[in-house]
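There are 2 protein chains.
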Amino acid sequence: MSLALADIRAAANRIAPHVQRTPVLSNAALDHASGAQLFFKCESLQAAGAFKSRGACNAVFALSDAAAAPGVVAHSSGNHGAALARAAQRRGVPCTIVMPHNASVAKVRNVESYGGRVVFCAPSLAAREAACAGLIADSGATLVHPFDDYHVMAGQGTAALELLEEVPELDLILCPVGGGGLICGTAVAAKGVRPTLSVIGVEPALGDDVTQSFRTGRRVAIATPATIADGLRSNVTGERNFPLIQQHVDDFVTVTEAEIVAAMRLAWEALHVVIEPSSAVAFAAVHAEKIAVRGKKVGIILTGGNVDLDKLPWLHS
Amino acid sequence: MSLALADIRAAANRIAPHVQRTPVLSNAALDHASGAQLFFKCESLQAAGAFKSRGACNAVFALSDAAAAPGVVAHSSGNHGAALARAAQRRGVPCTIVMPHNASVAKVRNVESYGGRVVFCAPSLAAREAACAGLIADSGATLVHPFDDYHVMAGQGTAALELLEEVPELDLILCPVGGGGLICGTAVAAKGVRPTLSVIGVEPALGDDVTQSFRTGRRVAIATPATIADGLRSNVTGERNFPLIQQHVDDFVTVTEAEIVAAMRLAWEALHVVIEPSSAVAFAAVHAEKIAVRGKKVGIILTGGNVDLDKLPWLHS
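Going line by line, the protein sequences match chains A and B. Going from the first sequence to this note's numbering is simple: count from 1 and add 67. Going from the second sequence to this note's numbering is simple: count from 1 and add 67.
Don't take every hint at face value.
If you want a taste of the chain A side facing chain B, the calculated C-beta under 7 Å gives, among others [to be verified]: (1) A77; (2) V91; (3) S111; (4) L112; (5) L333; (6) W335; (7) H339; (8) G372; (9) D375; (10) P380.
Result set (DMTMM-like, lysine to aspartate or glutamate): computed pairs, CA atoms no more than 20 Å apart in a straight line [what the hints assert, rightly or not]: (11) K258/A <-> E336/A; (12) K378/B <-> D377/A; (13) K378/A <-> D375/B; (14) K357/B <-> D318/B; (15) K378/B <-> E336/A; (16) K378/A <-> D318/B; (17) K378/A <-> E336/B; (18) K378/B <-> D375/A.
Think of the hints as simulated: they come from the structure by calculation, not from any bench. The beta-carbon is built from N, C-alpha and C at its ideal position, and this holds for glycine as well.
Let's have the full structure, built from the sequences with the hints guiding it.
Take a look at the structure:
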């Protein structure tokens with residue numbers, strides 16, 4: 068199996084009863100400032116507060132009854148965990164989420180609010196994977212990887228399908244990149260529907276593993292990134308994701324922590340949406356002029372809205 | 068002239084090219100907590116960040132070319148001013164806004180960003196009206212009152228029309244009340260489309276002039292309210308608004324400042340929308356259990372999203 072447009076269309080049908088069709092916002096002032104037409108796909112308004120509900124629902128509802136019964140397990144910096152807990156709750160099967168002990172309180176509560184059980188581990192990929200493996204050996208549950216999974220990628224790609232239905236003539240789609248789930252789904256969906264469109268991934272400069280991998284042609288692993296964009300702290304491109312990225316993604320750019328915070332604040336102020344730092348990286352690339360957008364129609368995926376409102380980055384310098 | 072459903076339908080057609088059709092959000096956790104089905108009409112995502120764009124566009128585009136040419140003038144605690152400046156800019160006519168000197172910086176900048184001229188005055192209705200009268204005498208501009216104006220009320224009512232198109236079986240609509248523009252439009256629209264529906268207005272307890280007027284049957288004037296809900300600081304019901312309120316609105320309730328802040332924060336956290344304190348009062352009435360909503364389908368109008376992100380009320384106790 069790999070990932071094709073047909074898989075993403077199938078995912079859209081499968082998850083339709085379980086996710087929101089999110090609005091696409093535009094803003095005259097932001098268009099004027101950038102010289103482009105910007106279309107913000109608001110996955111921060113998605114069920115469970117992030118696009119992750121799309122991939123999680125597709126993975127959970129694609130399981131046979133027998134495979135689903137023992138439940139699902141994942142490691143997640145937060146939003147995938149909440150989304151998977153919600154998907155499992157809707158299917159009526161158990162869910163256990165392995166989270167790093169430095170995950171935000173809001174994200175832990177979010178998992179628990181959907182009936183998910185949270186197990187904590189050290190904030191490294193190795194620790195997360197070991198904890199998951201133990202849980203699976205004990206229970207027979209199915210691992211739903213946050214990004215290195217074709218069903219998850221297919222689900223994530225449905226956001227781009229919707230965006231292109233509303234704005235068919237897009238020139239460019241920008242999306243935040245963690246492990247590569249969203250950008251693979253986005254690129255396969257977008258290029259499938261509109262081959263002339265460009266897809267550019269944006270990473271925090273502090274966590275540029277996918278950018279490095281794309282440039283060097285091999286999966287570069289870095290130390291766990293210390294970026295404020297906590298949804299993008301994965302430190303290596305997915306094994307299944309990397310060849311799809313090499314084939315379908317046009318380019319990558321990176322943004323600084325200050326650029327992320329500035330873009331996050333501007334989105335709150337101008338668009339009136341609560342987005343988390345990870346969500347802001349794609350808009351940050353436009354706002355900090357890392358990408359030439361003048362005269363173009365640009366889709367920007369705002370990926371999630373789960374933040375700790377007591378710890379807003381512009382109030383804690 | 069008074070206000071009828073036909074006026075609101077005409078307004079909807081007139082303003083369609085100039086405003087957004089805003090999304091209606093729902094949230095499983097908030098539904099569960101309230102025992103109701105809550106439908107949030109997100110006018111915080113409206114052009115210029117508030118429902119006020121609806122009324123302002125209707126008033127400006129209803130003017131003849133000759134009447135429009137000298138421009139428009141208003142007094143406003145903020146959002147009506149920005150909305151009127153934007154409407155005037157779209158029509159290509161000048162706009163001057165009289166604002167109280169304690170208006171938030173964000174709201175002043177918002178007016179100026181649409182090419183509006185801001186003139187400051189003391190924070191009282193008398194001072195605002197005197198300043199407007201002077202400007203009108205000098206320029207021949209048309210006053211567009213923020214609420215005591217049938218075209219403005221008709222425009223504001225278009226939000227309820229859209230909400231009922233999406234959720235036709237609503238039992239109840241709750242809306243924040245300042246001078247009475249939104250609730251008159253809402254009540255006439257909603258009762259016109261669905262006579263069995265109830266419309267309840269919500270005011271800050273610190274600024275309950277309309278509630279007092281409704282209870283006593285006469286237009287009660289109070290001191291300028293000191294509520295955090297700065298969009299609701301009008302201190303007397305509009306002259307044209309009051310009879311419509313008496314005829315069409317079912318009841319009023321009030322909420323405390325703490326209830327407003329709690330509801331505002333919860334909306335940010337659960338719905339991932341940036342709403343201003345004035346926007347939160349209707350949801351506050353549900354969250355603080357001031358209204359019996361269990362088992363009902365409840366429409367809640369989130370009126371605006373213009374806040375100063377450096378001064379969030381839960382961070383400054």
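Okay, the hints, checked on the actual structure:
no.: 1; hint: A77; result: violated (25 Å)
no.: 2; hint: V91; result: violated (10 Å)
no.: 3; hint: S111; result: holds (5 Å)
no.: 4; hint: L112; result: holds (6 Å)
no.: 5; hint: L333; result: violated (10 Å)
no.: 6; hint: W335; result: holds (5 Å)
no.: 7; hint: H339; result: holds (3 Å)
no.: 8; hint: G372; result: holds (3 Å)
no.: 9; hint: D375; result: violated (9 Å)
no.: 10; hint: P380; result: violated (11 Å)
no.: 11; hint: K258/A <-> E336/A; result: violated (32 Å)
no.: 12; hint: K378/B <-> D377/A; result: holds (12 Å)
no.: 13; hint: K378/A <-> D375/B; result: holds (16 Å)
no.: 14; hint: K357/B <-> D318/B; result: holds (12 Å)
no.: 15; hint: K378/B <-> E336/A; result: holds (13 Å)
no.: 16; hint: K378/A <-> D318/B; result: violated (39 Å)
no.: 17; hint: K378/A <-> E336/B; result: holds (13 Å)
no.: 18; hint: K378/B <-> D375/A; result: holds (16 Å)
When each numbered hint is compared with the structure, violations occur for hints 1, 2, 5, 9, 10, 11 and 16.
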